[in-house]
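From just these sequences and the hints, can you work out the full model?
Read off the chains here:
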Amino acid sequence: MTAILSTLLLVAPQWVREYLTKEKQPNVFWSEYIVWPLIQIIVVLFIILTLVAYLVYLERKVSAFMQARLGPMRVGPWGLLQPAADGLKLLLKEDIIPIKADKAIFQLAPIIAVVAALVVLAVVPWGAGWGTIANVNIGLLFILAVSSVAVLGLVLAGWSSNSKYSLLGALRSSAQMLSYEIGMGLSIIGALMFARTLSMNGIVEAQRADGVWYFFFQPLGFLVYVICALGETNRAPFDLPEAESELVAGYHTEYSGFRWALFFMAEYTAMIVTSSIAVTLYLGGWSFPGLSLIEKSSPNLFVFLSIVIFATKVMVLIYAFMWIRWTWPRYRYDQLMEIGWKWMIPAGLANIVMTAIWYVLALPSTKASLPDFLKFFLRFNFMKDVSGRLVPTQWAGVIYFVATGFLITVPMVWALLAAINRRSNDFNLDEQRQLQFKLRRERLKKMENAEAAE
Amino acid sequence: MQSQEAIKPHETLLDAEEMVLNMGPQHPSTHGVLRVILKLDGETVTDLDCDIGYLHRGVEKIAEHDTYQMITPYWDRLDYVAAVSNDLCYVEGVEKLLQVEVPRRAQYLRVALTELQRIASHLLWLGTHAIDIGAVTVLLYCFREREEILKIFEDFIGARLTAHAFRIGGLQWDAYPEFVDRVKEFLKMMPTRIDEYETLLNSNRIWLSRTVGIGVLSAEDAINLSLTGPVLRGSGVKYDIRKAQPYAAYADFDFEIPVGENGDTYDRYLCRMAEMRQSLSIIEQALDGLPEGPVMAKVPKIIKPPVGEIYHSIEAPKGEIGVYLVSDGTGKPYRMRIRPPSYINLQALKKMSIGHLVADVVAIIGTIDIVLGEVDR
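Chains as they are written, first to last, in the numbering used here: chain A, 36 to 489; chain B, 3 to 379.
Rather than coming from a laboratory, the hints here were simulated on the basis of the structure. All figures in this text were calculated on a predicted structure; none of them were measured in a lab. Backbone N, C-alpha and C define an ideal beta-carbon position, used for all residues, glycine too. Among the hints, erroneous ones may be present.
Here chain A is said to cover these stretches of chain B; the calculated rule only asks that three of the stretch's residues, wherever they fall, bring their Cβ under 8 angstroms from a Cβ of chain A [unchecked claim]:
{"hint": "1", "stretch": "128-136"}
{"hint": "2", "stretch": "142-153"}
{"hint": "3", "stretch": "205-212"}
{"hint": "4", "stretch": "358-364"}
In silico BS3-like links for lysine-lysine, alpha-carbon gap of 25 angstroms or less [claimed, not checked]:
{"hint": "5", "chain 1": "B", "residue 1": "K41", "chain 2": "A", "residue 2": "K199"}
{"hint": "6", "chain 1": "B", "residue 1": "K353", "chain 2": "A", "residue 2": "K473"}
{"hint": "7", "chain 1": "A", "residue 1": "K199", "chain 2": "B", "residue 2": "K352"}
{"hint": "8", "chain 1": "B", "residue 1": "K352", "chain 2": "B", "residue 2": "K98"}
Listed below in structure tokens is the structure:
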């Protein structure tokens with residue numbers, strides 16, 4: 036049974052190509068650009084949407100086990116059919132649109148949110164070869180651009196609901212997502228310097244060529260990225276837009292039934308996407324030590340295994356997200372902004388500068404113009420030219436970049452930001468607020484006095 | 003010219019208008035049916051008003067039509083997460099009116115049960131307070147331990163939540179044979195569990211940034227607002243009725259009164275955590291020195307206290323709960339007045355919240371530890 040299934044699974048792509056190209060030998064347009072991508076899209080959408088449903092189940096189970104409970108147990112064995120029951124329930128629910136809501140926008144908002152989340156899946160490198168739907172050469176840029184459209188969905192949802200809680204939730208989420216997007220964009224540039232490409236598959240290939248996952252070159256970048264990803268996907272401890280204890284449910288307070296499910300779906304898909312980017316950029320994507328041994332001998336098995344490896348890495352990261360969510364309290368809105376603007380964005384910028392310095396110092400061409408005391412470090416060859424592109428040499432270069440990243444960049448940026456932020460506390464929100472209240476009290480008193488005088 | 007100035011909305015940083023937000027009565031973190039009307043400048047609270055009474059049952063009026071024994075169950079439903087403590091207040095009040103001497107054994111058992119109830123109440127407070135701030139898991143841990151206490155109650159009293167634990171004159175039943183062992187088992191387990199909560203919260207950066215310096219109340223303000231309980235002690239005032247006017251058998255036991263320093267949410271949190279540990283030690287002392295003897299004093303079947311009036315108050319988990327009873331010599335009280343700690347502590351909300359953000363209001367409601375059953379009566 037398993038054998039048949041795996042044979043089918045592994046032979047399928049080849050079979051489709053052969054079947055479609057057999058009769059129209061010269062024209063591969065249909066097979067290459069229409070039929071095969073369509074199959075991929077359907078499969079990916081099917082898997083992702085199922086995965087999203089089961090991520091909810093997983094979240095419930097993980098949280099339950101952390102909280103000394105059992106979680107869903109009633110529908111199916113161990114509650115495995117719970118997602119199906121939930122989905123059915125949501126579909127059958129009454130479709131409520133508040134009377135005072137802006138109907139068209141109210142209906143449009145969840146669609147924007149979910150589409151923005153799903154479109155991104157096209158360029159995520161799920162695996163090697165046919166494991167990727169579209170290998171776009173600006174893949175990463177595409178992901179960042181499209182996923183930022185999701186903010187629009189949330190803002191529109193909050194605005195059109197015509198409810199104060201929704202509005203506050205939308206205000207929060209738009210400010211939060213925009214701020215954290217900047218930090219996120221800055222943090223990935225360091226890794227891109229090593230990858231020298233924006234293509235998602237290219238980044239994975241670059242890590243295979245360098246022989247090291249970029250997490251080891253970019254510890255600070257990874258840290259900033261993961262924190263910003265938590266903020267960007269509205270996960271705890273940054274889940275303010277839907278802070279249940281304050282804003283009931285944030286921007287989707289007025290939504291119910293399937294429209295609400297769309298927001299939920301968008302949130303979990305965004306979680307998968309951000310984890311996928313983290314895995315691709317920093318954790319070697321679908322590659323794994325030793326996997327290239329079977330690349331030549333059985334290409335389909337290779338692709339299949341690469342997909343499994345990618346999925347495993349993504350799930351580990353998502354598990355970490357859940358772990359964080361069920362352990363930590365929530366930040367307050369101003370604290371969240373402080374972290375975004377005072378820590379994440381400067382750290383992202385500093386990471387770019389530091390990475391650039393280490394990179395330039397390691398370049399062979401820099402050697403000649405360096406002062407003597409630095410030349411000592413450059414007796415080794417840190418970079419080598421491999422078919423037109425410079426890559427870190429296998430051990431000297433790798434050790435150099437790992438050491439500079441972990442031992443110098445991280446502590447230095449940390450110390451620097453801590454020093455700066457301690458000074459900047461003089462100008463923080465709290466004092467401004469106090470001053471504002473003082474002024475207002477004085478003004479009110481003056482007005483009262485004037486009234487009394489009259 | 004003057005009036006035009008007055009009509010203009012209060013100026014803010016960006017000349018934006020203020021927004022009025024209704025928090026509650028149906029809101030996840032108002033701990034019941036409390037309605038808080040917030041005036042917001044952005045997300046900063048500039049003014050606040052509480053609308054209460056959604057849960058008003060008229061307990062004080064009902065009491066005027068019931069015999070003294072019939073009133074006790076109503077007290078269970080005041081602060082329904084600390085029913086045993088409420089019972090103690092009323093029952094001791096009537097005993098004071100009747101001038102009945104309660105047997106020692108009953109007094110010791112009353113102390114043990116009341117302190118167990120204090121732990122249970124503080125556990126519920128900790129869980130809901132943490133969930134308001136976003137730490138969901140603490141709630142479930144707290145409920146795990148609270149469940150043990152409720153099981154002990156169930157076997158002793160027969161009910162879990164609204165226990166009707168005490169009778170006028172003592173206890174209805176003596177402790178069941180395994181009671182002491184089971185409580186001792188709980189006492190052995192509980193300190194490690196409190197450590198567990200503290201590991202999750204005490205030094206958690208997010209928890210600190212959400213509680214330190216939030217809802218600061220000076221000792222002077224706290225006294226002027228006539229606050230009691232942990233809210234008062236968190237501000238550094240060492241006042242606890244168990245020490246100040248010992249009731250039941252508290253004079254026999256040796257315990258500390260934990261106080262805070264800064265009067266902020268974090269200090270009140272530390273205060274309550276320390277109180278739980280103190281309660282454990284009190285229970286241990288009560289069980290170790292448990293005297294033998296009857297658990298019920300001689301009380302007439304029909305209670306007709308002599309004409310007179312008394313005020314009796316005890317240290318409930320939330321503060322001073324008091325009863326003022328006026329007897330006209332008949333079988334029903336002429337007047338019963340309740341001093342509810344939650345209601346009086348809630349008055350500090352405005353003072354504590356103004357200038358903070360909406361998220362802090364939620365934390366402050368949590369730290370005051372209100373139960374609407376008691377606020378509205």
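inquiry  = For a C-alpha distance cap of 25 angstroms, please report whether K353/B and K473/A respect it.
reply    = Satisfied, since the Cα-Cα distance of roughly 15 angstroms is no more than 25 angstroms.
message = Next pair to validate is K41/B with K199/A; report whether the Cα-Cα distance is within 25 angstroms.
response = Holds, because 12 angstroms separates the two Cα atoms, which is no more than 25 angstroms.
query = Would the pair K352/B and K98/B pass a check requiring their Cα atoms to be no farther apart than 25 angstroms?
reply = 37 angstroms, violated
request  = Check whether three or more residues of the stretch 142-153 of chain B sit with their beta carbon closer than 8 angstroms to a beta carbon of chain A.
outcome  = holds (count 3)
query = How about the stretch 358-364 of chain B: do at least three of its residues have a C-beta closer than 8 angstroms to a C-beta of chain A?
reply = With 5 residues closer than 8 angstroms to chain A, the stretch 358-364 of chain B meets the three-residue bar; holds.
query = Three or more residues of the stretch 205-212 of chain B near chain A by CB distance under 8 angstroms?
reply = holds (count 5)
key: 25 angstroms limit on alpha-carbon distance, applied to hinted pair K199/A and K352/B   = 21 angstroms, holds
ask   = Mind checking, does the stretch 128-136 of chain B have 3 or more residues with a CB under 8 angstroms from chain A?
value = Since three or more residues must qualify, the claim that chain A covers the stretch 128-136 of chain B holds, with 5 doing so at under 8 angstroms.
Figure legend: structure checked against the earlier numbered hints; the only hint not met is number 8.
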